[in-house]
Amino acid sequence: MQTLLEAFRLLLGADPELRQIIAVTMQMSLLSTGISALLGIPLGVLIGANDFKAKRLVNRLLHTLMGLPPVVAGLIVFLLLSRSGPLGTFKLLYSVTAMVIAQVVLITPIITGLTANVVSIKAPLIRETAAGIGLSPFRRMLYTIYECRVPFVSNILAGFGRAIAEVGAVQMVGGNVQFKTRIMTTAIMMQTNMGHFEFAIALGIVLLLISFLVNSLVGRIQEKTLSA
Amino acid sequence: MIELKDILIQYDQRSVLDIPSLRFEKGKRYGLIGENGSGKTTLLRLLAGTLTPDQGSVVKLTPNGMGYMPQHPYAFSFSVLRNVEMALDKSEVRRKQALAALEKVGMGQFVNARGDKLSGGEAQRMACARIIAKPRQLILLDEPTSSTDIKGMDLVEQTILDYAAQCGCTLIFSTHSPAQALRLAEEVIFLHQGKIVEQGPAEKLLNQPASEQARLFLQHWQL
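As given, the protein sequences belong to chains C and D, one line each in that order.
The working numbering numbers the first residue of the first sequence as 19 and each following residue consecutively.
The working numbering numbers the first residue of the second sequence as 98 and each following residue consecutively.
Everything labelled a hint here was simulated from the structure, so no lab data went into it.
Hints may contain errors.
[Unchecked claim] Calculated cross-link-like contacts (lysine-lysine; reagent style DSSO-like; alpha-carbon spacing at most 30 Å):
| hint | chain 1 | residue 1 | chain 2 | residue 2 |
| --- | --- | --- | --- | --- |
| 1 | C | K198 | C | K242 |
| 2 | D | K187 | D | K214 |
| 3 | D | K292 | D | K248 |
| 4 | D | K157 | D | K231 |
| 5 | D | K248 | D | K231 |
| 6 | D | K193 | C | K71 |
| 7 | D | K157 | C | K71 |
| 8 | D | K214 | D | K125 |
| 9 | C | K140 | D | K125 |
| 10 | D | K301 | C | K140 |
| 11 | D | K123 | C | K71 |
| 12 | D | K187 | D | K301 |
| 13 | D | K102 | D | K248 |
| 14 | D | K123 | D | K193 |
| 15 | C | K140 | C | K71 |
| 16 | D | K214 | C | K242 |
| 17 | D | K157 | D | K301 |
| 18 | D | K214 | C | K140 |
| 19 | D | K123 | D | K214 |
Using the sequences and the hints given, assemble the complete structure.
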């Protein structure tokens with residue numbers, strides 16, 4: 019009980035480190051989700067709406083990447099960005115940029131796969147109807163995207179959920195540097211290991227709160243769109 | 098005129114459409130009948146160009162102005178009016194044409210309703226309006242009244258007949274109802290397991306089928 023009270027005191031008192039951690043977490047999660055959405059939605063539409071020879075193989079690869087273990091993603095990005103790696107000259111390791119890259123590697127397949135699934139269900143029906151009234155392939159694609167707009171929001175939300183809750187990959191490439199790359203999940207882990215439960219609980223409450231707010235917002239958008 | 102030559106379509110090494118030769122004359126009304134899986138939808142999709150044959154060719158001498166209504170037409174999540182307008186070229190009379198088409202199929206009171214909120218029968222009538230909203234040379238309808246009630250069916254049938262007479266277009270439709278085939282078609286094509294078993298004037302084929310398969314199919318129906 020004492021620990022919980024201390025956690026609320028930290029939250030209400032807006033501890034500078036806590037503020038910094040929340041800001042870095044939000045910056046990293048929003049940026050990586052945004053980039054992944056920009057990559058994943060068009061890619062998912064292309065895969066879901068079109069029939070091509072290697073589609074089955076592409077889908078299998080995509081489903082494998084959707085379950086990519088974060089530490090593997092972290093390892094790949096670490097090797098790419100490390101001093102002796104191909105992108106070592108950019109000196110990005112242990113920066114928020116490196117964490118965003120790792121998260122993009124993790125989240126893009128999720129958004130792409132979910133988008134491809136949604137589109138592959140709707141696209142054949144839309145394609146047939148649209149072709150039947152003489153719409154061009156470009157207009158068919160635009161209508162397909164429009165008709166899938168609500169699930170797309172859910173897909174992006176799923177990506178954001180993964181980004182904000184991720185710990186393995188970002189710890190490897192971010193390094194959990196205080197006031198620089200420390201985020202809520204890595205901080206919770208560290209503070210728990212150190213026995214500072216009040217700080218860990220305060221961060222846990224913030225994480226849950228953000229998740230609840232985002233879910234409520236998206237739920238509201240979906241309800242409004244579906245009932246309009 | 099449309100001509101099909103040596104058409105073969107297979108799924109999983111099973112032949113679903115096998116038509117050595119078939120001809121549709123300009124301005125004539127054709128009804129495709131046959132049991133489920135006989136190849137009616139596949140034939141319509143082939144004619145619409147949404148399906149490519151494994152073998153053979155489709156020659157259309159009237160390639161422009163085709164309208165195809167699939168068995169499950171998609172109703173977009175915007176207004177019924179916009180659902181019909183999307184089939185028309187941008188012009189000042191677009192709204193007028195769409196409204197007139199919707200009135201004809203008894204959907205005049207639904208113009209502002211959302212397409213994806215319509216019932217199956219209403220969506221079919223809206224899809225029919227999309228097709229008849231402008232003059233076309235070839236109309237392909239896949240079971241156009243399968244979800245509509247009797248009143249809706251009468252309206253759609255009459256609208257199709259009026260439209261075909263006015264445009265002089267070729268009409269090819271599929272149906273499970275020989276009675277509907279008799280009302281709408283001049284010529285009926287009976288399909289069985291992807292093959293054309295019998296073809297001829299609607300009244301003659303439906304009343305006196307020559308083939309055993311057509312006789313068996315029609316004995317379940319009361320004309």
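Given the proposed pairing of K102 of chain D with K248 of chain D, does the C-alpha separation stay at or below 30 Å? Status violated; Cα separation ~39 Å.
Going straight from one Cα to the other, do K187 of chain D and K214 of chain D come out at no more than 30 Å? holds, 26 Å
Does K140 of chain C pair with K71 of chain C here, judged by a C-alpha cut-off of 30 Å? holds, 20 Å
Given the hinted pair K214 of chain D and K140 of chain C, is their Cα-Cα distance within 30 Å? holds, 16 Å
Next pair to validate is K214 of chain D with K125 of chain D; report whether the Cα-Cα distance is within 30 Å. violated, 35 Å
Hinted pair, alpha-carbon criterion (30 Å max): K123 of chain D, K71 of chain C. Please report holds or violated. violated, 37 Å
Hey, K292 of chain D versus K248 of chain D, does the alpha-carbon distance stay inside 30 Å? With a Cα-Cα distance of about 33 Å, the restraint between K292 of chain D and K248 of chain D is violated, given a limit of 30 Å.
Hinted pair K214 of chain D and K242 of chain C, Cα distance within 30 Å: holds, 14 Å
Quickly compare the C-alpha distance for K157 of chain D and K301 of chain D to 30 Å and report which way the hint goes. Within the cut-off at roughly 28 Å; holds.
For K193 of chain D and K71 of chain C, compute the direct alpha-carbon distance and say whether it is at most 30 Å. Not OK: K193 of chain D and K71 of chain C at ~44 Å, beyond 30 Å, violated.
For K198 of chain C and K242 of chain C, compute the direct alpha-carbon distance and say whether it is at most 30 Å. violated, 39 Å
With the threshold set at 30 Å, check whether the alpha-carbon distance from K140 of chain C to K125 of chain D stays at or below it. violated, 34 Å
Checked against the numbered hints given earlier, this structure breaks hints 1, 3, 6, 8, 9, 10, 11, 12, 13, 19; the rest are met.
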